[in-house]
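So the protein lines, in turn, are chains A and B.
Residues 27 to 299 in the working numbering are what the first sequence lists, from first letter to last.
Residues 27 to 299 in the working numbering are what the second sequence lists, from first letter to last.
If you are wondering where the hints come from, they were derived from the structure by calculation, not from laboratory data.
Cβ atoms here follow ideal geometry from the backbone N, Cα and C, with glycine treated the same way.
No farther apart than 30 Å at their CA atoms in a straight line, the calculated lysine-lysine pairs in the DSSO-like style are these:
#1 A:K166 - B:K166
#2 A:K106 - B:K106
#3 A:K106 - A:K166
#4 B:K288 - B:K166
#5 A:K166 - B:K106
#6 A:K288 - A:K166
#7 B:K166 - A:K106
Simulated restraints on C-beta separations:
#8 B:A183 - A:R209: 53 to 61 Å
#9 A:A122 - B:S219: 30 to 38 Å
#10 A:G117 - B:Q99: 17 to 25 Å
#11 B:S219 - A:R294: 43 to 51 Å
#12 A:A119 - B:T37: 20 to 28 Å
#13 A:S98 - B:A141: 55 to 63 Å
#14 B:P241 - A:A275: 41 to 49 Å
#15 B:E83 - A:G195: 31 to 39 Å
#16 B:T37 - A:G61: 31 to 39 Å
To be clear about the criterion: a stretch of chain A counts as covered by chain B if any three or more of its residues have a C-beta under 8 Å from a C-beta of chain B, and this derived list gives those stretches:
#17 129-141
#18 175-185
So the chains spell out like this:
Number of protein chains: 2
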Amino acid sequence: MHSWIDGQPATAVNLHNRGLAYGDGLFETIAVHSGRPSLLELHLERLALGCQRLAIEADFPLIRDELTRYASQLGDGVAKLILTRGDSLRGYAPAAGSPARRIVQGSPLPAYPAANAEQGVRLFACQTRLAEQPLLAGLKHLNRLEQVLARAEWQDAEHVEGLMRDTQGRLIEGVYSNLFLVRDGVLLTADLSRCGVAGVMRAALLQQASVLGIPFEVRDLELADLEQADEVFVCNSVYGIWPVRECPAHTLDWPPGPLTRKLQAVARTLLDT
Amino acid sequence: MHSWIDGQPATAVNLHNRGLAYGDGLFETIAVHSGRPSLLELHLERLALGCQRLAIEADFPLIRDELTRYASQLGDGVAKLILTRGDSLRGYAPAAGSPARRIVQGSPLPAYPAANAEQGVRLFACQTRLAEQPLLAGLKHLNRLEQVLARAEWQDAEHVEGLMRDTQGRLIEGVYSNLFLVRDGVLLTADLSRCGVAGVMRAALLQQASVLGIPFEVRDLELADLEQADEVFVCNSVYGIWPVRECPAHTLDWPPGPLTRKLQAVARTLLDT
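Same shape as in the complex, but just chain A (with noise of 0.2 Å):
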């Protein structure tokens, strides 16, 4: 399908777009099923607060109307919401009167095979660190280099998903999902106020744990957690969760146990409706 610039068709953008000289801007990779933008709320809500904390001024109405009419016309797949600060010839400072541009591309939903939801993914020990940067964290700006390089440190298909952790060692999240451990029967999920993307799966799941009432703690979690982890998996999004069953490089496995079973069933509903 046709990406679209500001509403219209378009298959380029402006060489002085502030997303392509410094990644100014933010990014949703929303799923779309039956015409219909999965997570839609969660997704606007923290490209909302990435706006204020960048101070890109939007249209949010406009926004949410373009990402329905867009997800109705692609059917089933996955559509990219890119949000820059606009246009300007050169130099940090934002040009004023510059509107925020939004670019909407379209994917197909991605062949990932069913062992990974079925049996559980392998983690890669990502040797690239995140940095701190709390006026960053949580925030999915298009400042992604760090990804890049821990998506670059494994090329063989046994590894689904990287482990990173950030410069102190601390396990914050896979290259492009959310972690969560279990241990006796709470939900652990990393703390993100110095590095990391707060995830609208995580967010999501983190409101139905509550609703659920299974315990949870957003804290600091250090490789001995995941040392005495019960059960290990990973979400977005797009996919869901997948199970870890495994991360060689430090040679832990897991089952797939009942709670990520239990929450693999709640993602897949929230995806679907």
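Fit chain B to the supplied structure of chain A, relying on the hints for placement.
For chain B alone, coordinates are given in the frame of chain A:
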């Protein structure tokens, strides 16, 4: 003057360019005087280092040729080269066989007030801190949100540059310049192995200091070093050197000193030849 993509006139770039998607690329901002790109060899050296560290394959003879031809048509101005890892549909993993993409843009030489070079500039003390990421430190890559946030901290024309420190409080650089101090005849500039951009003018000045027998140290700099400095200046490869005459937030001021004036003349010569 028209921009070029891969040597051809263009005004827009493919929406799937990884520079836009992830800031997956590098750039160089090159002064052009009388049709010649200033400090071209140092720009190409830094670019090559960036390509090596990000594993971007680029055709350097072609890049050199393109920049030389572009500069000769531009005459006087600034040529900006953006080199991205190419295009890919979705996902952090680079698409196999997608060549690096070369974007060259031209703009007029900035009309900076003569007072910047003559009387010196005021430094704003930025609250935005630079995160420590040794894997990216020194490179002029496209992930520049920290600079965007820092530059947005002041709007008044009184402050011409901003002083950026890292998360530990060390002095690192200006928002679009490198920082030098002079103490007891010794030139000091920050070690950039954890963060910061290793500017081409900084490299040229360190080379010249060696040639001219000016003692220098590249090391961690603290606020105390700024307080004890006899002279302070900022530099980049477009404007050369500006003395720093004041940093009001720290109630510090300096007269433009003899070593600053000497190197300012050196920088002018470097840019003009």
